[in-house]
Structures are given as C-alpha cells and as structure tokens.
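Engineer: Residue strings, one per chain:
2 protein chains.
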Amino acid sequence: MQVELTRDFIATLSESIKREDRDVVIRLLENFHSADIAELYTQLNEDEGEFLFTLLDNETAADVLIELEIDDRKRVLKNLSSDIIARQLIDNMDTDDAADVLGELSNNRKEEVLSRLEDVEHAGDIVDLLSYDEDTAGGLMAKELIQVNENWNVVTSIREMRKQAEEVDEVYFVYVVDNSNMLKGTLSLKKLLLSSRTSQISDLLKSDVISVRTDTPSEEVANIMKKYDLVALPVVDQIGRLAGRITIDDIVDVIQEEAEKDYQLIAGISEDIEPTDKVWILTRARLPWLLVGLTGGILVSQVIGLFEADLGIYPEMAFFMPLIAATAGNVGVQSSSIVVQGLANQTIQISKTFRRLLKEFSVACLNGLTLAGLMLTYNLLVKSSLALTFTVSAALFSVILFASLFGTMVPLLLDKFKVDPALATGPFITTSNDLMGLMIYFSIGRVFYALL
Amino acid sequence: MQVELTRDFIATLSESIKREDRDVVIRLLENFHSADIAELYTQLNEDEGEFLFTLLDNETAADVLIELEIDDRKRVLKNLSSDIIARQLIDNMDTDDAADVLGELSNNRKEEVLSRLEDVEHAGDIVDLLSYDEDTAGGLMAKELIQVNENWNVVTSIREMRKQAEEVDEVYFVYVVDNSNMLKGTLSLKKLLLSSRTSQISDLLKSDVISVRTDTPSEEVANIMKKYDLVALPVVDQIGRLAGRITIDDIVDVIQEEAEKDYQLIAGISEDIEPTDKVWILTRARLPWLLVGLTGGILVSQVIGLFEADLGIYPEMAFFMPLIAATAGNVGVQSSSIVVQGLANQTIQISKTFRRLLKEFSVACLNGLTLAGLMLTYNLLVKSSLALTFTVSAALFSVILFASLFGTMVPLLLDKFKVDPALATGPFITTSNDLMGLMIYFSIGRVFYALL
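Quick mapping for you: the protein sequence lines, in order, are chains A and B. Just so you know, the first sequence maps onto residues 1 to 452 in this note's numbering. Just so you know, the second sequence maps onto residues 1 to 452 in this note's numbering.
Next comes chain A alone, as it looks inside the complex:
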C-alpha cells in the first residue's frame, strides 16, 4: 500500500520519537514500504533518524538502507559496528545491493565487514561482484538467479528450482545452462506451467536469448533493455558462462542518471547533485561552468575593446549587443541539444554528418530569415539609423547560421573522439557563440557604417 507522508503524520512521528515511545513509532510504521521509510528518514534530523533505524527488523533495515541517498547511508553506517553491518544488514541484501553498499565503504571497513559475513557462499558472490567496474554489466548484475540444466526434465527442474527459489526474491525467468555452465537459453515460467512434467528442458528452452558480457558498459545495457523491452537480462563472462542477471529496475536508475547527467550539463552544473545537498557541494558543482562563462566574458570584453572607437562614435551599436549574443547562445544550445539527444537515442548516425549539417543549415536559414526580417521591420518602425538597421539584421542572420553549424559540429566531433558530447551544451556553447557572435556583429557594423 502506498502512503502519503503528510506534515501531520511527520509531526506525530517526530514527537513519538522524541518521547522515545518505541511502541507508538513501530505501530505508526506498520505497513510502511521500505521506500517510504527511507523517504521519511530524510524528513527527520540525525538523532531521530538513528532512533528510527534501531526500531526496524533486520530485513526492513537492510531494504531501507539500500533506498537511502548515499550521504544518508554513509551517516547511518558510520554509527554501526562492522559486526552489525555484516550480520544484520549485508547478509539480508541481494548480492548486487550488498556489493554497492560495500563499495561505498573505506577499504579497511569493507575487509572487516566481509570477514564477518556468516553465509560464505553469499560472501563469495559479493566479493566476485566487487571486482567489476560499477559502470559495467558486471557492476549492475546480481548473482541471485534460478538456473536449470538443459539435460534435466520439468520435474527435476521444478525440484531444483524450489531449492534455489528460496534465495531469490522474484523469479521472472529461468536460465538454462549446460554442464559447463554455458548459457544455452531461457525458459519462461509460463512455458514451464504449460508443459508436461516429463518434457526435457532442452526441448522447451528459447535459445536465441539476448545477453550481455560482464564488461558491457551500463549505458549499452540500458539501450539494449530499452530497445528490446526486456525485464531481465542474463550476463555472461568472456567465454559465455552464466555470471549473473540484471533486472529492469536497476536499469531504470541508469536511464534516470544518464538523463540527469545530460540535463545538468546543459544547465551548467558539473557534478551530480540533489537540491538537498550541502551548500558547499552545490557551490562547487556550479562554479566551474560559471568560471568558463567568466573567462568567455573577459575575452568578449577584449573583442569589444577592439571596437571601442566605433562605440564612442556610435554608442547605439551597444543596444543590440545583448540581442545578438543571446540569439547566438539560444540557437547554439538548441542545435547542440538536438545532436546530444539524437546521439543518446541512437537516432543520429555519425555516418550521416553531412546530411545532418545540410538539414541544420536549412533550418538555420529559415529561422535566420524570419528573425532578421522581424528586426528589419522593427528598426525601420522605430526609425533607427539605416546603418544600424542593416547591421543588426545582417549580423543576426549570419550569427544564426554560424551558431547552428557550430552547435551541431562540436558535439559530433566530441563524440567522434569519444568525449561526452553533452559537454558541448550549456555554458560552453553559449560562451563561444557570444564571442563569435559579437565579433561578427562589429565586423559587419564597420562595413555598413562605412558605407551608409
């Protein structure tokens, strides 16, 4: 049952915690899902949260711990002994979650906790998982899975599955292996339900199964699961032996993180932050791109300095500097974002760069003509000087063309050199386009003011 955390509820809970009234708190949290308790935790202060955590049974505590934000989790773990972490928490987690939590501990602490785990097989699986890079299929997968041998029949398989199923929370697929543990295929539970009890597994399995290798990057895993609408995906090692499985809920997190990373880059934020992070972390995440902008601004000031004499004679030139710079920035961000999104969705083929540029050029011409035409009308209406009128419209058109092509090229080039193309969105692109835009504006201005 999902619950809503009203202000009243939190006030009541907070009061009961202050009175250290364990029974009331436990009753209040009855029927709460671990995800709700984790959300609740963020609403409490540190002492209240610690008290709350001590009231949870081991299994719930383990689930809540996984759901917490990393900073909160670190705070909870700091106050617990390695023995409690090992036997009450880690032993109650799936291997993938256990490896994630252990990966966040210091090396000493990790060793201590590992040495205190009671279930040796579980500990071994966790150690295996810790060896994979966290951004690969190996780092995402869990060891808990149901597997049967292709040489078994349905009855034997169901008997063996009953044993294995105790370890596994939810069963979506059964993986079929041969005697050397090589992945041969999958068996849907539906098929198992529908088949006679003496059928051989090798006759029932679906053999053209999609799998990834332990070293497949998580972004690629996400793309495969999205593309083929998969709920679970087996992971094999270099020679094809079944190593683990990835479920879609972990991939949803990967998709969300990828989207957030691109969003933060276009917004000019340089590390993954939450609004709940500390002031210092928020500041640090925002400063780098502001400094890029500042450096750009200084360069722009020097470009304008070259035209100081012109500005002294025609100060009206200054009126439309922000318009030119802003349009260059807006167009550049639009163009680069379309490329970045297209590369992420794989709707852009790098082989078609030329066609892409041609299309971008056409769009830029249409938008450029529209905006330049509007500004021409405006300046004629307000009776600006002819030189200014022509300068603004000609510069606007040129700047839109330049910013479009630049905004398209740079992320494509970055992608070609295996750099994240999203770096070329946001402040980087607006800053470089400001610079070029104003250079174009003043150069065109010199020509028109000389002519007219």
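Treat the hints loosely; a few may be bogus.
One copy or two, either will do: identical chains are not told apart, so a pair holds if it fits within one copy or between any two.
Said to hold, decoys possible - In silico lysine-lysine, DSS-like type, Cα no more than 27 Å apart, as pairs: (1) K278 / K383; (2) K18 / K352; (3) K416 / K18; (4) K227 / K352; (5) K278 / K18; (6) K110 / K74.
It is worth saying that the hints were derived from the structure and are not from the lab. Keep in mind the model is a prediction, meaning the values are calculated, not measured.
We have chain A; now place chain B onto it with these hints.
Structural biologist: This is chain B only, laid out in the frame that chain A set:
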C-alpha cells in the same frame, strides 16, 4: 540475439530489395528481432520499406509496427486496407499496443478497423482501453493478465492459468480477485512453485499490493514504479475492481519522454522532435523560444537606450555588458534547473520554499564573491578605471544574487499554479535575467561613475 546494422549489411539488403529478391531478403532478416527490423526500416527509403514490410509474417509485422516511430507507422498504415490492419496486425497485438495504434488513426478509419476485428473479446478490450486518456494509467495498461480467484486452490489455479496463459506473452505476477472481481492481492509464481497443490489461494496471496486507479496520471504511475522498484503494477477502477496491468517497459518509455521533454524545454525547443524530423517541423519547434529571446533582446536594447548618454561618455561600460548578461543567464539556468529536477524527483518539498531560498542565497553569495573577486583582480591588473572596476564587481555580485533567487522562485511559483515548471528554464530565464542584469549593471555604473 542482438545484431549490428552495418553499412555493408544495409547496402546488401537494399540491393536485394531493389532486385525484389524475396528469398534473399527473408534469409537476411532471419533471427532479426522486431526492434531491429524497425530500426532497419528507418534506414530504407519509402518503397524499400514498404516492400520489406510485405515480407514479414503477421506476428512480426505487428511487432515491427509497434516499434516504428509514429510518422513511419502512419506511412505504413496509409497503404494498407482496413481489413489487413484488423486481421493481420491488430489481432496480433496486445490490447495496449492495439489501442495505441488505433488511437493514431482517424475516427472513420478506427471504426472501420474495429468492425473488422475477428476476436470479439479482444475487440471489446481494445474499445475499453480507447476510452481512457492516454496520459493516465488506463491509457498505459493492457488487459492481458493472469488472474485467479481467492477461493481456488493451487491445482485449480494452475489449470485456469494454463488457459489464460495462452493469451499472455510473459507472466510475472498472478493477480488474485474475489467473486466480484475486486483486487485482493498478488501471487508470485515463485510462491506457486513452492506451495503444495492443495493450498488455498487466499492463504498464499500477498495482500498489501500497490495498485493505481485507471485515472492516475502516467507521471505518478512512473514515480510509483520507480520508487517501489516494481516490474508490473495492477490497475483498478473507481471501486477497486481489477481493470488491467502496466508493465515496466511501458513506464521506461514514459520516464524517457518526461526526461526528453524537460531537456528540450531547457534547450529552448517547444515540441517533441527527433533529428530525423522534417526541416519544417524542426524550424517550427525552434522558432517560438527564439522569438521570446528576440523580444527580450528588443526590451534590453531599450533599457540600454536609457543609458545611451553614459555609453557615449564611457564606451568602456559596453565591454562587460555580455559578461554580466551571460553570467546572469548561466546562474539563472543553473538555479531553475535544480528546482525543476528536484520537483521531478520529488526531492523538493514545496512546503520548504523558504529553506530552499535561503540555501540558494548562500550558494549565490559564495559564487558571487568568488566571481566578483576574480573580476576585481582582473580589472586591477589590466588597469581599468576604478569606476569600471567597482561597477563590474558590484554588479556581478548583485546580478548573481538576483538571478539565483529569480531562477529558484519562478519554477516554484509555476509549479504552485500547476504550470509545468520546466517552462521557466532555458531561453525564458536567460532572457529575463539579461534584462534585469543589464539594468542592475547600468544603475550601479551611474553611481560609481558619479562618485569616482
């Protein structure tokens, strides 16, 4: 098996299609997943695609049709008779996909296709689904599910499930209902595997099941599935009767679309576009925000016009206009994006607005002091006039404070009035901050130039 669409492969395929060599094309596509065929389709021209489509068996054709982009799907359907659409395609689709495809047809065409469906029960389910708003749980759900009565035992349930399972592709959960079809709980297949054959379902079911109503908005459905790590979610009607189920793969699409929408808004793009869309559509999606920027630029030009006399005397003031405007824009986008992302992730509570503003204020002070300090040093080093030096640094600090608070407030206010807060990112926020930023700059400039 996943395949890679190499240029060579596509060339070979394209040639075989041109020769209308059906056998070669069919052999080339053997083992291709429908998602791969759909991807292939986008690489072919219209005639080639049409030919390819005619070679697919009905079930594959139905799957490929669902995987296509909406424009491609419309093009394919345009050339097919209502009879073929009904009996070869729609009859082979799950109800949710069938309803999506039918929802894209004109009303006349839809009626025609519906009247030609052979499976009456299937048709009835599709008509039911068509009545729901597409952005709600009802619009996302499918009717295919496995349900058992709480009064049955395991043997009866398995027998009934075998009948139902023929209709359902993958079975992840069994839903338990009472005699009035009210949802009572879920039963995992694992539980069914582990239980004795005479156990009563009512003793096995998990009763605290998370469900949504047919009118729950899809964004909320996505949040619930993400929060509770669900793979499938039952949907009930107003009085709690089981109406359908939503699977995570459909929600992955919702999550992706939400993320893309926010990304396109911050990039200043006003409708959902793909790089493969036509020039006209790409232009139309980009023009609105460029016009907002242009209007802002004109207003800015009038603000600067108020200070024309000052500029004539101190043209150096113009040097740092772009720096001030760009910083205001960058800071505003950063602040607004943090709010928009926090609201989407539900990590921001609207009740804590004041605390949020205070934090933002602290971050802005730190960043403001850093940038103002750097500019002070720079201007002293390059021996700018004292008036300009102080003006730039004081204005920069004020502008950063203003842009931070404005960028935080506006999306929060929009959200309060149920307007999409993401509208306040991108060009809107940069334009308003340009305007205010330059007003602040020139006003401060007047003071310092009068004093020094």
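Engineer: Next, verify each hint and record whether it holds.
Structural biologist: Going through the hints against the structure:
1. K278 / K383: neither (53 Å within a copy, 38 Å between copies)
2. K18 / K352: between (64 Å within a copy, 22 Å between copies)
3. K416 / K18: neither (58 Å within a copy, 33 Å between copies)
4. K227 / K352: For K227 and K352, the Cα distance is within 27 Å only inside one copy (22 Å; across copies 40 Å).
5. K278 / K18: The answer is within: 25 Å in one copy meets 27 Å, while 62 Å across copies does not.
6. K110 / K74: Within one copy, since 13 Å is at most 27 Å while 56 Å is not.
Going down the numbered hints, you'll see the structure goes against 1, 3, while the others check out.
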